[in-house]
Amino acid sequence: MSVDKETVARIAHLARIKMPEEALEPVTGSLNNILEWVEQLSEVNTDDVEPMTSVVHARLSQRQDGVNDGDMRDSVLKNAPNAEHGFFAVPKVIE
Amino acid sequence: MSDLTSLSMADALAGLDAGDFSSKELTQSYLDAVEAGQAINAYTTVTADQALDMAAAADDARAAGTPGPLAGIPLAVKDLFCTKGVLTTASSHILDGFHPEYESTVTSNLWRDGAVMLGKVSLDEFAMGSSNETSYFGSVENPWRADDGQSRVPGGSSGGSAAAVAAHLAVAATGTDTGGSIRQPSSYCGLTGMKPTYGRCSRWGVIAFASSLDQAGPIARSVKDTALMLGSMAGYDAKDSTSIDTPVPDYAAALTGDIRGLKVGIPKEYRLDDTPAEILALWDQGIDWLKQSGAEIVDISLPHTKYALATYYIVAPAEASSNLARYDGVKYGLRVPGDSLIDMYENTRAEGFGEEVTRRILIGTYVLSAGYYDAYYLKAQKVRSLIARDFEQAYQSCDVILTPTAPSAAFAPGENADDPISMYLNDVFTVPASLAGLPGISVPAGLSGEGLPLGLQLLGRPFDEETVLRAAGVLEEAAGFTAQPSKWW
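Just so you know, the sequences run in chain order A and D.
Yeah, the first sequence ends on 95 if you go by this note's numbering, and it's all consecutive.
Yeah, the second sequence ends on 489 if you go by this note's numbering, and it's all consecutive.
Pulled out of the complex, with its shape left as it was, chain A reads as follows:
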């Protein structure tokens, strides 16, 4: 499988990375080289093989369903490029 410039533009938008028109061609080439290279996996017979879902064989640990942390609004907002009135501030979303 390979991608064309339109697909790359669509992926870049999905990934929320602005990509100028002139960058599309080299990026498309670079992605296709990688996609062509990973194509080798199609040689491997994976019938009846389960996909890996956990790296080590261990059950996820459980904990009490209780509040054990919190009340740190100012800490959470401390690194925000723009925080106002105790909230993250962003460009206007609703007209």
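It is worth saying that the hints were derived from the structure and are not from the lab.
Quick caveat: nothing in here was measured; it's all calculated off a predicted structure.
Errors might be hidden in some of the hints.
In silico lysine-lysine, DSBU-like type, Cα no more than 30 Å apart, as pairs [stated by the list, open to error]:
#, chain 1, residue 1, chain 2, residue 2
1, A, K78, D, K331
2, D, K291, D, K263
3, D, K239, D, K331
4, D, K84, D, K239
5, A, K18, A, K78
6, D, K24, A, K18
7, A, K92, A, K18
8, D, K84, D, K331
9, A, K78, D, K84
10, A, K92, D, K331
11, D, K239, A, K78
Chain A is fixed; fit chain D onto it per the hints.
Then chain D, alone, in the frame of chain A:
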């Protein structure tokens, strides 16, 4: 290098205990070395005042008879670990000005045990790279240069960690390893570096790259130092759901020097056609050393080895594209204004991420997108199961596995810059164990024809770091690697 910075961690601890010098003196020697070693570009932030305060506290604890196991030892921290109140960058533009409000569990453990933070060290941006050339703060130089004087990359992604330790700008350093990012730079810089079993060290507070692969570990100047530091870094942490609740053994005590009867597996699939003869010769030498120490050599097969890199370059970018979605110009770091919210996101991420990070996010977004998920991501996770199964079967007939760490010595800056795949190939021997979550160590074992260090890798069973370290200790003793880079900085 002053006398104090030439000491190993074990010897420095002995000197501190004997009162030969204080941690303040030791720490000051390192701060002076860091100042003099700026040409290496290993450090992104130096925390001199904090280091001296921590050193004074360690001296007080020692005077009070309550020193921690690493009391007074000055360390460098890969700038992927969040450190409270100290700039944390992941070597990326997008985290501009980020001062975490919390401390990673691994670094907390080190400070609990009395270690001293000298500062933060560079890496490939978001740990994506094998040369430390993708850092927003510029390339890091390997303290080692080829015999003709040409400079070399330190490897990556923990390139700043390895360069700092090799140039004696820190006793040891934390690293992280996703596909070889501790082991490969250790090999390139003549150091010992260990990636423990996935789940051994907490990932909490470590900036995420590929969550099912990322694992923290130490880079140090000897196997014993590696064992000492891992003992402090490791341990169960309820804040990381993949952290495993199992006791942390005394790793240094595992270094008995006795490997009689140990079964060492040699995977035939790692003998690649295009591997340089000197790498294969060193591997054969390593086999010989272990055999002479009483180990039994066993031929093993890891049949899916050749598919490991392709599997990795689907799984890791997929996870990265998801993890890096959080950098949106809202919560921390860089914000580049835009006409709308989405425009702001897109401008911020375009300016904030470098070329390799962008490439991996795009690949990851594509392989996870509707219609391609099964063909790429699901397929890769199935092949990953087969790779893990290969190791499980191999460990029925052997205890550890010996391989080269990397297919070459450190390469020249820019050498693999034009072709991402040629850069990815540096991890050919380290990636399979990462996919299977297994512990691995690189031990310096010899010099290349150009006078550059070469490492050998030992892999072990899950949570059996002790056997890996024991075999590594024997390898270290046999190799007797004492070469040091000639000081040019």
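Structure-based check of each hint:
1. A/K78 / D/K331: holds (9 Å)
2. D/K291 / D/K263: holds (10 Å)
3. D/K239 / D/K331: holds (21 Å)
4. D/K84 / D/K239: Since the Cα atoms of D/K84 and D/K239 sit roughly 17 Å apart, the hinted pair holds (cutoff 30 Å).
5. A/K18 / A/K78: holds (27 Å)
6. D/K24 / A/K18: Outside the cut-off at roughly 49 Å; violated.
7. A/K92 / A/K18: OK: A/K92 and A/K18 at ~19 Å, within 30 Å.
8. D/K84 / D/K331: holds (17 Å)
9. A/K78 / D/K84: Holds - the C-alpha atoms of D/K84 and A/K78 are around 12 Å apart, at most 30 Å.
10. A/K92 / D/K331: holds (16 Å)
11. D/K239 / A/K78: holds (22 Å)
Hint 6 alone, counting from the list given before, is not met by this structure.
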